[in-house]
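Enquirer: Residue-level listing of the chains:
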Amino acid sequence: MTARAEADDVRLIEAGSVPARFARGWHCLGLVRDFSDGNPHQINAFGQKLVVFRGEDGVINVLDGYCRHMGGDLSQGTVKGNEIACPFHDWRWGGDGRCKLVPYSKRTPRLARTAAWPTMTQDGMLFVWNDPERKAPPEEVTIPRIEGATSDGWTDWHWYTTVVNTNCREIIDNVVDMAHFFYIHGSLPTHFKNIFEGQVATQYMKSAGRPDLGDPEGSKLLGTTSLAAYHGPSFMIDDLTYHYPDFDQRTVLINCHYPIDANSFVLQYGIVVEKNAAMPEELAMQTAIALGDFVKMGFEQDVEIWRNKTRIDNPLLVEEDGPVYQLRRWYEQFYVDAADVAPDMVDRFEFELDTTRPYEAWMSEVETNLAARAAASGPVV
Amino acid sequence: MVLRTDNRLDDAPMAPVTCVRCGAGVEVRKSSWNQTSVQWTGAALNRCEERCTAAQLAVDSGHALFLSCSALSGSIADAVHSGALQVVAEIP
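If you're matching them up, the sequences are chains A and B in order.
Note that our numbering has the first sequence beginning at 2, numbered continuously upward.
Note that our numbering has the second sequence beginning at 534, numbered continuously upward.
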């Protein structure tokens, strides 16, 4: 084959298949307050049906959703004391997964166990540990504390939940996808850096405001600084600061998900906003809600792309794209047995992107848009 | 999943750079003067003085993010100046 013929070959999209297992790690199931009403809650996660219930002792438990007796759905049952009672024959199961009582029987099958999932509550959120090897979470695998979540100086969580019908790798890819922030989300990245190390994947981004978008009389947003990191396969903490002429507004945005199955996931995002002189109590909560709506719009823009795109294992990249392949190598650590995590999945990798050329191209687009808008609104008399 | 390699590395692969301060060996790719990839190993990270200092500070402050090592950045710049490391944008 000549070089010429090779150059003319059509590049094929390789998609492989979605993973047959679910990522090892802590997954946030939602806010503790939403599981604390004394009723069992059904959660479809990791290809299974789970039941989440809070006992009278205040402990939140997660069990396999089906009773080991005759297969009743425990999420349709009742919390009795610290146990979940099956709606079918009233068998009682404890948070440790053991059968505690069969009210109509002389003997309880005490050795019988159902699957119980390790849980953790932190900063108002409920986490569950998924591990296909069924091992306990290692001590060093943690989720950092979020100062604003428990401080009177910040608002309470403003929280959203939605179902997305695609494999969850799509949302992970956003960590490195600098250019989509301009084309999909209407921001203007001016600085972009990724660092992957251990179980943490970080994105450090500064963005300028887009003068060609939105109401010209509207916000005087100068730009944003975002330090966002996945801690494990599914839980991202974004320290996101909005810069205004007079002050900086600090917020924390959570972007987390858990897989329902290989082709769908539950996306959740939550926001807390710092109160300050320019942002007292009530206004801070309104801001959290407004920012939440803004973030919601951003994810809807992503979802619209995901709904129509194909999975691609061999993306064709230019120099101004982020480190997609290295990110996926990092992500792979959560899909192999703990003993098979290779050094190159966890070794530190740094990538700083030169935004000079993208910025030039995008500013020229912004100026074209502004000129078009000025022309459309007619001469100012 | 079969992990594929970045098509950009076919044109210009990562190249070794040794830090002049601590001797840590890393793999580097400079796409342009302002765009740099650095692949560390566990051994290199343990040698890095700035990293070790940052790790100690992180214990006190709770902030663990280590953006980069200034001595390594200087060593990478030296490698470009001496011609040991090519900048992809400047390859004819």
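A couple of the hints might just be wrong.
Heads up, simulated DMTMM-like pairs for lysine to aspartate or glutamate below, C-alpha to C-alpha not over 20 Å straight-line [said to hold, decoys possible]:
| # | chain 1 | residue 1 | chain 2 | residue 2 |
| --- | --- | --- | --- | --- |
| 1 | A | Lys-194 | B | Glu-583 |
| 2 | A | Lys-81 | A | Asp-35 |
| 3 | A | Lys-136 | B | Glu-560 |
| 4 | A | Lys-101 | A | Glu-134 |
| 5 | A | Lys-194 | A | Asp-239 |
| 6 | A | Lys-207 | A | Asp-247 |
Some chain A residues close to chain B (C-beta under 7 Å, calculated; not the full set) [to be verified]:
| # | residue |
| --- | --- |
| 7 | Phe-183 |
| 8 | Asn-315 |
| 9 | Leu-318 |
| 10 | Glu-320 |
| 11 | Arg-330 |
| 12 | Asp-338 |
| 13 | Asp-348 |
| 14 | Phe-350 |
| 15 | Glu-351 |
| 16 | Phe-352 |
| 17 | Glu-353 |
| 18 | Leu-354 |
Just so you know, these hints were derived from the structure itself, not from any lab.
By construction, the Cβ of each residue, glycine as well, lies at the ideal position given by its N, Cα and C atoms.
Enquirer: Check each numbered hint from earlier against the structure, then list the numbers of those it violates in ascending order.
Expert: 3, 4, 7, 12
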